[in-house]
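Protein chains: 2
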Amino acid sequence: MFETWLIAPISALASLLTGLYLYRYINKQDSGTPKMQEISHAIKEGANAFLRREYTILAIFVLVVATLLGIFLPKPIWTSETPLQNISLALAYMFGAFCSALAGYFGMDVATRANAKAANAAREGLNKAFPIGFRGGAVMGLSVVGFSLLGISIVYAITRDPNIVLGFSFGASALALFAKAGGGIYTKTADISADLVGKVELGIPEDDPRNPAVIADNVGDNVGDVAGMGADLADSYIASIVAVMILGQALGHVEIPLVFAGLGAIAALMGVATVRVGEKGNPGKALNTGTYLTCILFAVLTYLASWYLGFDLRLWGAALVGLTAGVIIGITSDYFTSIDRPPARKTAEASQSGTALNIITGFSYGLYSVLPPLVGIGIASVIAYYLCYPIGVNGHELDYALFGVGMAALGMLSIVGMIVASDAYGPIVDNAKGVAEQSGLGEEVIAVTDKLDAAGNTAKAITKGFAIGAAGLTVIALLAAYHTTAREAGVNVVFDMMDPLVLLGAFIGIAIPPVFSAMVMLGVGKNANRMIEEIRRQFREIPGLKEGKEGVKPDYAKCVDIATVGALKELLPASTLAIVVTLLVGFVGGIKALGGYLAGSIFSGLLFALLMANAGGLWDNAKKYIEAGALGGKGSEAHKAAVVGDTVGDPFKDTAGPSLNTLICVMSLVASLFATLIAQYNLLQLLGFV
Amino acid sequence: MFETWLIAPISALASLLTGLYLYRYINKQDSGTPKMQEISHAIKEGANAFLRREYTILAIFVLVVATLLGIFLPKPIWTSETPLQNISLALAYMFGAFCSALAGYFGMDVATRANAKAANAAREGLNKAFPIGFRGGAVMGLSVVGFSLLGISIVYAITRDPNIVLGFSFGASALALFAKAGGGIYTKTADISADLVGKVELGIPEDDPRNPAVIADNVGDNVGDVAGMGADLADSYIASIVAVMILGQALGHVEIPLVFAGLGAIAALMGVATVRVGEKGNPGKALNTGTYLTCILFAVLTYLASWYLGFDLRLWGAALVGLTAGVIIGITSDYFTSIDRPPARKTAEASQSGTALNIITGFSYGLYSVLPPLVGIGIASVIAYYLCYPIGVNGHELDYALFGVGMAALGMLSIVGMIVASDAYGPIVDNAKGVAEQSGLGEEVIAVTDKLDAAGNTAKAITKGFAIGAAGLTVIALLAAYHTTAREAGVNVVFDMMDPLVLLGAFIGIAIPPVFSAMVMLGVGKNANRMIEEIRRQFREIPGLKEGKEGVKPDYAKCVDIATVGALKELLPASTLAIVVTLLVGFVGGIKALGGYLAGSIFSGLLFALLMANAGGLWDNAKKYIEAGALGGKGSEAHKAAVVGDTVGDPFKDTAGPSLNTLICVMSLVASLFATLIAQYNLLQLLGFV
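Protein sequences appear in the order of chains A and B. Start counting the first sequence at 31; every next residue gets the next number (this note's numbering). Start counting the second sequence at 31; every next residue gets the next number (this note's numbering).
Any given hint could be a false lead.
To be verified - Here are the in silico distance ranges between beta carbons for each label pair:
hint : chain 1 : residue 1 : chain 2 : residue 2 : range
1    : A       : Val405    : B       : Ile107    : 26 to 36 Å
2    : B       : Gly233    : A       : Pro573    : 51 to 61 Å
3    : A       : Gly718    : B       : Lys599    : 16 to 26 Å
4    : B       : Val405    : A       : Val94     : 26 to 36 Å
5    : A       : Glu667    : B       : Lys599    : 23 to 33 Å
6    : A       : Gly663    : B       : Glu236    : 28 to 38 Å
7    : A       : Gln710    : B       : Gly718    : 35 to 45 Å
8    : B       : Glu473    : A       : Arg567    : 40 to 50 Å
9    : A       : Pro603    : B       : Ala303    : 11 to 21 Å
Keep in mind that the hints were calculated from the coordinates and are not lab data. Don't be surprised by glycine CBs; every beta carbon is placed ideally from N, CA and C.
Turn these sequences into a full structure, and let the hints steer you where they fit.
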């Protein structure tokens, strides 16, 4: 008999095949003049160099962790009667890391090819260039969905054990954390250094080929935004599916999350196929229409499936609640960052009174912006909870209620294929613009790429809010999964805020996201300092470079190298910290302390993720608003102040902010994985305190 | 028979009498040259103008709230059989506001007198000037302790009901919130505007008499730092005593917090009396020695009293745990802000690469700095909890455990008289320096006032950390008091993080401190913009002002007026928000949602309070480090960057950051006051959802 959950691997294969088709479509396009090919090639080389180094280091890290997992989990191998489980878990972990790495690699490969091709097509008009940019992004989106869902399906088909799938999820998340933090440090190192020396000190334009950091900057857009963002959403996506599988296990509903995820993949596939733009069309609108269409398709498909397969419709309702919340959160983030809205404009106006007021104003609006999404996530949880609570009977009310919260997270993330496609479109056309400028394609072509780029920014505002909202619901589902796992291990505790151990855990937990942010941001600062010295040195020592003499070229590779080595050096301690402190809190304080710790980290993690993403985005747009001619335009004092604000915002929005989602996800997964072990062995219990 | 708790009012009277004695001592000192008297008089006038306006508006606000309290609390007056209780509560509330205002007024009055006198005494040497500065601060410290403790004692003596004392505490806290937020907006409006136009645009020194904002700036130090800080600590102090009284009520221990507070007042009195400095002495060391001595005296006195009165020694232990935690937290804050330590120095070094890196680096170290205090507060709670848990028998274990946590908060705050004295010393000598500069007392005298000022900064680092730590433990005690009150109202709930209502409450709660911070910081920005225009206008329109022509004086009063009106306009919405949202969450979501809300607001409130206080402090010291000659010294590019960092840090450390303590205190008090009413009437319950 056909098992319903097989819809997941089938959709996954369909996504991968479509991705392959689009990949070949991109490859067939013309890459333009030799100059353009050369630039594109340099970006591709730099990106590959980064990934090669990163993956080499990560392979060692993954092997070490896999060995530890194999020895200790689910039970220490010397006490276990089923050592095969240990080996399965370790393998699932490695497989998860591998799938995540593969999706990142493919997405970046196509992105670094598509940039020059999109720039070249821009010579023939917007409607020729747009599909290349979007399909390039779609390859990433479809790879993320395909590899994630196929991986989960394979592990589940072999083991039929959601707890082993949890290992797969941990592998994917651990890799995502490195990709996000490493890529984020890389991209901002390059960006800040290029801007500070180029734009601020020397007054040459962005993406000017004389700037030694320009290739590193373009590479950064790819390793940070494409590979990193893809890994981030893949990580939330997998984690939400696994969390719901664990929550559904006791209720005999392991197949429901897989069915919903499979249908979501199909909806995204159809959504991607419909995105088009005419000669005079509006690419930003096209992207958003695609997103809304995907949402509607998902709602219809899952309704029909629920009806046909006899799932309780309230579970479907919970998934829709999540999806709706995601869209609303996305729209509110858009308000706080959009160039047309008061927050960015008032920040631009404040720049007239100096840099300090630009920073204070932008930061303050960033603080405001946390309210709607936090309330949105909270309300979505409450509705999903109470909607599904009555499904349960005979004491299963709470289980169904939490299952409903998980379904909301899943619903929000089900359309991830379309979200990643829109998002990855952004850096591709941003790079296309860079290639067009560096190879002197002329004002008209640059204007087309500008339009493409602006659409990318619009889409990005919504998808970023979406990603954080999704992560919020996912970690709540993971917290529930942790609680369930602990209960199954015989520790039925309440995470009571009046319990001092829970409180102590929470106090430590809320400090971790800020400390992590500090580590990666200082990493950017340290790295940027090294790179600034190098850029200044090149301008000083290479004769004719500053003046733009024919034939004189800076040493791009040196800057790429500095950014790469530095990023890898800075990311390891921060990421390791997250895992080690989580284990420390668990093995010292026990299940309750760890529960408080997770809750605390979720609170401050979401808070800072939203603050940093939105403040960064609005500083960026305040600057763009002035550059568009307002308040004195480029070169004015207000503009100088706004440039500093934008630079401060860069590590906020592209390094620390987006890594925090992944961070709290990894922490929650570690907690769930080790819950059984911690329930048995923890210091306070061994000392007889609790 | 002598009731032991009477030690509280007796100590309060002793404090007030000593304060009066010191007040007269200050008044007898010489105010120096006519020029100095004139400046001091202008500051005093400005400060009084601010307070008059502020108190006028607040009087209306207090009357409105008192009326509402009288109608609705403890029970709606039409349902109550004891309407006298409603009247008592309303009166206690007004009395609390009155006492807090009085302490603020006296403190500020003496501070604005002591500045010129200290400057004048500085002409005869450090050991003549120091006592005037310190005793000026001591008047504030002793008033805070005296009025607070006397007020509590009076209310308790009349009503014998800790819940009415809660009303007194709410009055004091509501006023503190206004004083802190209003004063904070005022002081930073003046400071930022004076710096931006004076130092940055025109390059004239700080405190230059040509700057039209110079008097407003000096006034700001008094209304923000003296009156505001005093109100802040008074508020935590009263709240901690009341929380422990409520927690102790069921255990028959209402007198213990009063005895401990009374002995703390005596210890502080003795500590204040011993602070001295010799001709070549180190004033910073003298202040810290006084603090440590007070701690030791408190430990000894309370040990003897516990032994004599037969209190369980574990309660004494809990108080000491809190006190120790306070000192440790103070010392770690010192590390993160001190001019001699890596965080400030590295931030200064980063300034060499531009403003953006100064901001990113300082902010990152600020993020780091939250870890030790949060862990410290958490550990102190756990120790106090488990220390006192075994005192309880017959199901009272939990009550004693929470009582222990309250005792820790009380222990930390018991020496508040000494803390406020050290802290208020800072702005007095800061002003003395300003007076010395403006009246041209010569290099040598200014060097003496510089030394006095530096000591103030050292003391301030410790007392600020102390204040935040104390607030942290106090709000935990208040959360426990809220829980106890709800339980007594018949709603015995668990604040379980897996409960979606608690979670929704928490998500809203964590958003409130950021939103409040945004409101007051944007208030500063808006206000500063108005004032910058005015300063520029005066320099433009008053002939000879810029050149410093003899006899030409700027219009100081106009700047004072702008700062005053603006601050009052900006503070009302932010402060009202805190109260209204708290009531909204309670009356819609009920006891559980409100519990989660309080926990959430405590988490993010402490987080941002620490981040903002410490980041602001270290930006300030990074600038001072460069001004002392490092990295190119004054006028270098690094210095310019550091000045911007300092300006960003100003509203962080002096407006938003310190208001957050008070904010979460007010929110917790509102919750406790309304707990009984909310337990009966809330929307979700009325609709039958819970």
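Now the hints, each set against the structure:
Taking 26 to 36 Å as the suggested C-beta distance range, the pair A/Val405 and B/Ile107 conforms, at roughly 34 Å. In this structure the supplied range 51 to 61 Å is violated for B/Gly233 paired with A/Pro573, their Cβ-Cβ distance being about 37 Å. In this structure, A/Gly718 and B/Lys599 break the distance hint of 16 to 26 Å, their C-beta atoms being roughly 59 Å apart. Separated by about 28 Å at the C-beta atoms, B/Val405 and A/Val94 satisfy the suggested range of 26 to 36 Å.
Range check, A/Glu667 to B/Lys599: about 28 Å between beta-carbon atoms, so the 23 to 33 Å window is met. With their beta carbons about 33 Å apart, A/Gly663 and B/Glu236 fall inside the hinted range of 28 to 38 Å. For A/Gln710 and B/Gly718, the Cβ-Cβ distance of about 43 Å falls inside the hinted range of 35 to 45 Å, so the restraint holds. With their beta carbons about 43 Å apart, B/Glu473 and A/Arg567 fall inside the hinted range of 40 to 50 Å.
Taking 11 to 21 Å as the suggested C-beta distance range, the pair A/Pro603 and B/Ala303 does not conform, at roughly 50 Å.
Taken one by one, the earlier hints fail for this structure at numbers 2, 3 and 9, listed in ascending order.
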